[in-house]
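**Q** The residues making up each chain are set out below.
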Amino acid sequence: MELLTLRKKVKSDNNTSSVMTTTNEIETTVEKKETSRVRMEARNLTIKYGTNVAVRNLSMPIYNEKVTALVGPSGCGKTTFLRSLNRMHDLTKSASITGEVLLDGNDIYDPKVNPVTIRRKIGMVFQKPTPFPTMSIYDNVVAGLKLVGIRDRKLLNEVCEIALTQAALFDEVKDRLNAPGGSLSGGQQQRLSIARALAIKPEVILMDEPTSSLDPKSTMKIEDLIVELKKKYSIVIVTHNLAQAARISDYSAFMYLGDLVEYGKTKKIFQNPEDKRTEEYLTGKFG
Amino acid sequence: MKTLRRRQIQDKIMEGLLVVSTITVLIPLVIILAYVIYHGFGALNWSFFTEELGSPARAMQGQPTGLVHTMIGTVVVDFIGLIIAVPIGVGAGIMLSEYPEHKLNPVLRIMNDTLNGMPAILKGLLAFALIVKPMGTFSGLAGGVALAFVMIPIIARTTESSLMTIPWSIREAGLAIGLPRWRVVLSTVMPAAKTGLVTGFLIAFARAAGEAAPLMFTSFGNNYLPNHWTGMIFGPVDTLPQRLYSLAISPYAQWHQMGWAAAIVLLSFVIILFVAARLLTRQKNY
Numbered sequence: 001m002e003l004l005t006l007r008k009k010v011k012s013d014n015n016t017s018s019v020m021t022t023t024n025e026i027e028t029t030v031e032k033k034e035t036s037r038v039r040m041e042a043r044n045l046t047i048k049y050g051t052n053v054a055v056r057n058l059s060m061p062i063y064n065e066k067v068t069a070l071v072g073p074s075g076c077g078k079t080t081f082l083r084s085l086n087r088m089h090d091l092t093k094s095a096s097i098t099g100e101v102l103l104d105g106n107d108i109y110d111p112k113v114n115p116v117t118i119r120r121k122i123g124m125v126f127q128k129p130t131p132f133p134t135m136s137i138y139d140n141v142v143a144g145l146k147l148v149g150i151r152d153r154k155l156l157n158e159v160c161e162i163a164l165t166q167a168a169l170f171d172e173v174k175d176r177l178n179a180p181g182g183s184l185s186g187g188q189q190q191r192l193s194i195a196r197a198l199a200i201k202p203e204v205i206l207m208d209e210p211t212s213s214l215d216p217k218s219t220m221k222i223e224d225l226i227v228e229l230k231k232k233y234s235i236v237i238v239t240h241n242l243a244q245a246a247r248i249s250d251y252s253a254f255m256y257l258g259d260l261v262e263y264g265k266t267k268k269i270f271q272n273p274e275d276k277r278t279e280e281y282l283t284g285k286f287g
Numbered sequence: 001m002k003t004l005r006r007r008q009i010q011d012k013i014m015e016g017l018l019v020v021s022t023i024t025v026l027i028p029l030v031i032i033l034a035y036v037i038y039h040g041f042g043a044l045n046w047s048f049f050t051e052e053l054g055s056p057a058r059a060m061q062g063q064p065t066g067l068v069h070t071m072i073g074t075v076v077v078d079f080i081g082l083i084i085a086v087p088i089g090v091g092a093g094i095m096l097s098e099y100p101e102h103k104l105n106p107v108l109r110i111m112n113d114t115l116n117g118m119p120a121i122l123k124g125l126l127a128f129a130l131i132v133k134p135m136g137t138f139s140g141l142a143g144g145v146a147l148a149f150v151m152i153p154i155i156a157r158t159t160e161s162s163l164m165t166i167p168w169s170i171r172e173a174g175l176a177i178g179l180p181r182w183r184v185v186l187s188t189v190m191p192a193a194k195t196g197l198v199t200g201f202l203i204a205f206a207r208a209a210g211e212a213a214p215l216m217f218t219s220f221g222n223n224y225l226p227n228h229w230t231g232m233i234f235g236p237v238d239t240l241p242q243r244l245y246s247l248a249i250s251p252y253a254q255w256h257q258m259g260w261a262a263a264i265v266l267l268s269f270v271i272i273l274f275v276a277a278r279l280l281t282r283q284k285n286y
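Listed in order, the protein sequences are those of chains A and B. Take the first sequence: its letter number 275 is residue 275 in UniProt numbering, and every next letter is one higher. Take the second sequence: its letter number 200 is residue 200 in UniProt numbering, and every next letter is one higher.
Worth double-checking, as some hints may not be accurate.
The calculated lysine to aspartate or glutamate pairs, modelled on EDC-like cross-linking and capped at a C-alpha distance of 20 Å, are [claimed, not checked]: (1) A:93 - B:52; (2) A:231 - A:215; (3) A:230 - A:259; (4) A:128 - B:101; (5) A:93 - B:51; (6) B:103 - A:90.
Residues on chain B that point at chain A, a partial pick, calculated with CB under 10 Å [said to hold, decoys possible]: (7) 11; (8) 117; (9) 119; (10) 120; (11) 164; (12) 168; (13) 177; (14) 187; (15) 191.
Hints are computed from structural coordinates only; laboratory data are not their basis. Keep in mind it's a predicted model, so treat the numbers as computed, not measured. Backbone N, C-alpha and C fix where the C-beta goes; we use that ideal spot for every residue, glycine too.
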């Protein structure tokens with residue numbers, strides 16, 4: 001609800017065109033969230049680095065307001081796939097992509113689509129926390145707004161507070177928002193990275209092993225957070241931690257050597273896998 | 001145990017060799033400094049820093065004479081060079097570091113290295129053709145342009161290498177929150193590389209401050225302060241390295257001594273800049 005009020009505020013407070021676009025984007029989001037269940041979809045997606053095939057002919061849906069986990073042994077292509085979902089490969093010279101990735105039915109690889117607009121709708125959290133080194137906690141959170149020209153102090157303050165609250169970090173940092181982002185602990189930095197991703201109000205959040213560099217306590221906090229976030233967002237998470245996938249995801253995809261071996265409800269994948277390779281991996285026979 | 005002892009001895013020998021080569025590097029510098037100070041210190045007096053040079057008669061008759069116009073001119077011409085070179089050099093450095101896939105990137109890299117290795121006097125000739133000929137007069141501006149050609153390739157390279165030290169993950173984090181690429185570079189990568197960038201400017205500045213060749217047919221030299229400060233930009237201007245040269249080839253003993261003193265001033269200037277660059281790189285604020 002607080003988000004909705006904020007959206008109205010954005011609309012009434014501002015007259016700059018960039019803010020208006022954001023507002024419009026947000027409003028279409030709200031409409032579409034109610035109507036569609038499949039938020040994103042990969043269709044016959046093949047990703048190559050040079051001649052090396054990293055992901056082969058992969059098709060799978062990503063459901064709205066659900067957590068989808070990508071699991072599999074190292075080098076199976078799960079991170080490559082995740083990064084293709086918000087066009088992070090655009091800067092990798094050797095990477096080539098065929099097939100489609102749909103967001104609400106529109107191909108994000110359409111030449112007419114600007115990757116920057118896509119990344120504002122599909123946020124990403126990386127394996128290692130990446131606070132911008134020279135910015136304060138506050139500036140880190142609102143970087144995605146401030147650096148595209150939104151100057152309204154009141155709006156930024158609100159977004160900062162909401163994003164930090166959603167990322168379960170606000171209480172820990174509210175008294176030192178001007179301290180450098182790098183001064184936080186590893187777990188806090190990762191939640192800061194999540195808050196920064198949330199501040200631009202994405203529709204989908206991609207997480208690449210977000211807890212692999214964190215201690216168990218911080219991991220738990222982030223997992224709780226993911227479960228909380230899926231009420232509003234679609235989440236795709238790459239994880240090496242099978243127990244984590246089982247705990248927090250609704251759907252799971254098992255990938256092996258670039259192929260999607262099995263995809264389905266997490267419960268089914270973990271309790272009654274169809275493919276022998278899935279079963280062997282999940283029971284620890286390899287990987 | 002014998003082999004262990006042998007390895008320890010080898011280690012000592014290698015360390016000794018390193019010390020020897022370090023000293024070999026330092027010896028010429030120390031000799032030059034000592035020689036310059038020995039010959040020039042006598043000419044360093046108050047009027048050296050307050051008077052203009054004037055005609056040779058002034059020095060020969062023992063009237064107060066100095067190089068104040070040269071020192072001011074050096075600072076003016078070098079700063080003109082820096083003002084021109086920083087935006088261009090930084091732009092080229094960003095291209096080299098941040099847009100490796102761009103078609104122009106390999107061309108720029110070769111051109112930049114060529115410009116860096118080109119004899120400085122050619123840069124002076126270029127500035128002569130570009131500025132002095134159309135303007136019809138030697139000028140501080142032309143000297144600044146010539147020095148900018150010296151600084152640009154250095155700044156491009158130091159900018160590139162200091163941006164490269166910033167982890168790629170920072171750029172991806174910026175892109176992931178939907179920032180355009182130029183904004184990521186400007187607002188997240190460049191602030192993080194700030195000290196490295198400034199150090200690069202200082203190094204380029206110090207390098208250019210020691211160049212005489214590019215200034216000979218651009219800022220040309222002048223024995224007097226101009227009547228109006230604009231003369232420093234639009235008229236012929238004196239600079240330390242080039243004045244040092246003309247004092248050294250003059251037939252007057254007093255001027256020779258002033259040449260040594262000019263060398264002391266120039267060396268101190270350059271050393272101060274390099275020390276500043278060192279101190280800057282040492283402070284990391286994150």
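**Q** So, for every hint listed, does it hold in this structure?
**A** Hints, one by one, checked against the model:
1. A:93 - B:52: Violated. Residue 93 (chain A) to residue 52 (chain B) sits at ~59 Å, over the 20 Å cutoff.
2. A:231 - A:215: 25 Å, violated
3. A:230 - A:259: 27 Å, violated
4. A:128 - B:101: 25 Å, violated
5. A:93 - B:51: Given pair residue 93 (chain A), residue 51 (chain B) is violated - Cα atoms ~61 Å apart, limit 20 Å.
6. B:103 - A:90: Between residue 103 (chain B) and residue 90 (chain A) the Cα gap is close to 16 Å, so the pair holds against 20 Å.
7. 11: 37 Å, violated
8. 117: 28 Å, violated
9. 119: Residue 119 (chain B) check fails; min Cβ-Cβ to chain A is 36 Å, beyond 10 Å.
10. 120: 36 Å, violated
11. 164: Result: violated, 15 Å to nearest chain A Cβ.
12. 168: Interface hint status for residue 168 (chain B): holds (9 Å vs cutoff 10 Å).
13. 177: 4 Å, holds
14. 187: At about 5 Å, which falls below the 10 Å cut-off, the nearest Cβ of chain A leaves the hint on residue 187 (chain B) intact, so it holds.
15. 191: Hint on residue 191 (chain B): holds, closest Cβ of chain A at ~4 Å, below 10 Å.
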